[in-house]
Amino acid sequence: MSIRVTDSQMAHILVQDNHRSLARMLRLQRMASSLRRVNTYADDPVAVGAINRYRNLLDSNSQYLRNAERARAFVDATDQALTSIQDVLIEARVIAIRESSAQASDETQDQSAVEVSGLLDRLLNILNVSVEGDYIFSGHHTSVPPFVRTGDVVHYQGDTGLIDVQIGPQATLTANTPGDVFVGANSAVLAGSVDMAPTLQLTDNLSDLNLGAGWETGSFNVTDGNGNQYTIDLTAAVTVGDVVNEINLATGGAVTADISIDGKGLRLNGTGPLTITEVNGGHTAQSLGLSGSSAGDQLEGHDIRIAPTPSTLLSDIPALNGALPLGMVNVSVGNNDYTINFSAVTTIAQMQFAFSFITGLQMRIDGGVLSIVSGSTEPFEITNGDDTATASKLGIEGTGSSARLFGLFTDLKAALESHDPDAIRSNLAELAVVSKIVMAETVKVGGKENNLDWMSSLLRQRDERLQSGLSREWDADIAQVATDLSQAQAAYEASLLVTSRLFEVNLMQFLR
Amino acid sequence: MSSLASIMDSSLGAMFAARVAMQTVGHNVANVNTPGFSRQEVLLAARRPLRLTYGTIGRGVEVQGIRRLTDQYLLANRREQSSLLYSYAEVDGSLQEIEAIFGSVENDHLGDAITKYFSAWSDLATPPSDPSMKQAVLSAAQNLVADFHAMAENLDGLTKNLTVSLDQEVGRFNELLQQVAQLNRQLLSGRNIGTAANDILDQRDLLIDEIAKLAQVTVVEREDYTVDVIMGGRTVVTREYATQFETVWQQEGSERRLSLVTMGHRKEVNLSQGAIEGMLTSIETTINEAHTQLDSMAALLADKVNELHVQGRSGGHSGLVFFTGDTAHTLNINPAILENPDLIATSRSGVEGDNDLALAIAQLPDQPLDGEGSATMMDKYRSILVGLASQRNRFEFLVANQDNIVTAIDSRLESVRGVSLDEEGANLVRFQNSYEAAARIITAVQDMFETLINM
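If you read the sequences in order, they're chains A and B.
Residues 1 to 512 (our numbering) make up the first sequence, in order.
Residues 1001 to 1455 (our numbering) make up the second sequence, in order.
Keep in mind that the hints were calculated from the coordinates and are not lab data.
Please read all numbers here as calculations on a predicted model, not as lab measurements.
Ideal placement from N, C-alpha and C gives every residue a C-beta, glycine not left out.
Honestly, I wouldn't trust all of these hints.
As the list claims (entries may be wrong) - Which bits of chain B does chain A cover? Going by a derived footprint, with three or more residues having C-beta under 8 Å, they are:
1) 1004 to 1011
2) 1353 to 1365
3) 1420 to 1433
What the hints assert, rightly or not - One side only, chain A facing chain B, incomplete, derived with CB under 7 Å:
4) Asp7
5) Asn52
6) Asn56
Unchecked claim - Not close to chain B: a few residues of chain A, all C-beta gaps over 10 Å, as computed:
7) Asn18
8) Met25
9) Asn128
10) Thr172
11) Val181
12) Ala236
13) Asn335
14) Asp422
15) Ala440
16) Val443
17) Asn450
18) Asp453
19) Asp484
20) Ala490
Just need the whole structure built from these sequences, with the hints factored in.
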């Protein structure tokens, strides 16, 4: 039986087909106009989830980037402040060395005391820096300046609070550096009290003199009791031996030079009184510890020794004269007690090595003295381990206490005001320790800056990756859509054409 | 005995038959576009022959009846499939509305509001601190809460609108049932009329088609041409009697449930398919589930934020919750915080630069909810979207597929019962010719009479 094709059936099918092509065209047109492959939830449920996920990730990614940018303001300000502190510390060190040297006078020391007081204010200004109203060194107390000065005493008003910033999906970065690190809650220090500078040697380089501060090249005059004046030209001198030779040579033996008995400086011998005068307002003689006139035939120079280094032999250190060999030292850190045997050590490096077995503690040789630095706030104590009184002799007997950035300056100022070169000099060790702490913080902050740079670039890369992922899920393939669309349009037009023609013809038209 | 008069009589019969056939062709052509019309056919048969001594002689043609051509099997099948189609279409329609409420792929407003809220916390947690950031968190929270409220209200509005439409559809359903009953009555009273019943039957089929769109029914035709309509095992129309229905909210434990019951006795009807069932499913299940998921999202958000926020100290206060309420409707910002944004806590210590809580809250959306490796808050939200999208996809597919099935059956049905103008044209020529031929025979008989008379 042949299939009956009726008019309503034809109409039905054609209309249905038209609907279908039109719906397909509408979907393609939506894709073309929105440039999106997925426009409604029904288009692709799996892609809906993926798109939502990508958009979420992109949102949080840009949030991390924004956080990193804002945290950078904090970190950069901290970095700048630390660099400035380092500058101030260098200036203080220069002052301490200068004012403890032979060149210093009461007058210059008084002036320097004022300078140190100024440096203290400068430090306060540096550390009380704020970023958009937030004090960066105050820990959590960001609305109060971290340090306030009352007279010569500086108080820390902040706390140890760290401010973490989210800069990645699972990454946080501590944006701030609480100021307590400079006043001690984060590290403990035991600055030694015994001058470990080794005996002056003829082979010592002139540039290492004065604990590494060096000397001033040039000439000076020596006048003896006979009224003879000799000009000593040291422009070619390199070692202490060269200076001694030059003096002996230039005076033709009338004035002889050698190292003083205590081994700290130079000593001149000749017909007294011997008088030293500088040439052309230079400081060459001063920088060699020679100044003024002698009462007798002998002129004793000031201490111009070089700084001790790890390789310095203990036997070369005047302060340890008669104290060798060393004995035992007791160290207690927290609840742990240690005993270190120094009886076999001959150099500072060997002592440092022996110390390195105690976790968290480090023996340093800074500014001419030994110091013990702890990486934690845990208090530690060093005592003599036997009757050799080794800890006392090394000047490291006592309790580790906080780093004192401001106390140091106050002490230095007081020492300058009391014109006590030894007291002035004793601050050098602590200055060096504090400088190390600041340096360590600078390194940390530098690390944070690197971390931020790295994280920012990582986040930007991630952004690109996520964007392309999103685009893969969401964007329409325009070439494909355009092709499909023109095909769908052709199909629709064809179906319309057929519809319009089909009903034109039927048998009725052919009947008379 | 054969006579001229009997020849004339059989020709007249032929002319009558051709006229009836022509009228039927006219009727068919006239109804070529009438929905539900089944083409009609005149049943012609040779009259009982006359037995004569030399054999039997034909007496011409007679019209035995006019029948309509339809296929009850296809009709029933199409009704069943269209019940399914309308059921799916209703659910699909409400899913589209729910999608519109949730936004779109482009505009995921709730997701954005949640992200912005936690972003504001992240800004608040990042130094340098800025008092306006607390205001920003509050504003973001207000937007978030407003969005939850708007969505919950829109979902409720959707339920309300659907309930109104449902009532209208049930009203129409009742009306249709009554119309069927009325046609039954007409058929009962006009049983003898014969041909006219064909068009009534078409009309009744059409009514039952409409009923089937609303609810799946089965039809049993009786000997007296009336039909019984059976729905969910219950006879809802028999002869001229029709049952009427209404919707009621029934309390079931703590849940309220919308159901279709008979008017008067309030007997619940078990619907299997159809638009009414689709609407009930939409209200009972689809919208309800979306609402429940929205509520759980609101509760989860409030829970997680509060869990952290109560640990905080701010402005001399501690233990403050950030959000109150635990559904999309009731979610609100703690009035104390709303009044004074300074009460938003950023830390457990209450120190202004401390940000531990703000940081923890900012990290909430990406934190696993039940331990390492489990879903995060955003995963939960995403699963709601993907669930909705899958349902939309499924029902769009089901509707398109079902539409194809119904169209295919329709096409077959129209092939059987539809009017073909070509066919009618051919019939027209055929019956016209037979009419003319019969008339020609009468002319010949007339000539024969004349010959007889003039003899």
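> Checked against the structure, which of the hints given earlier come out wrong?
Replying inline: 1, 10
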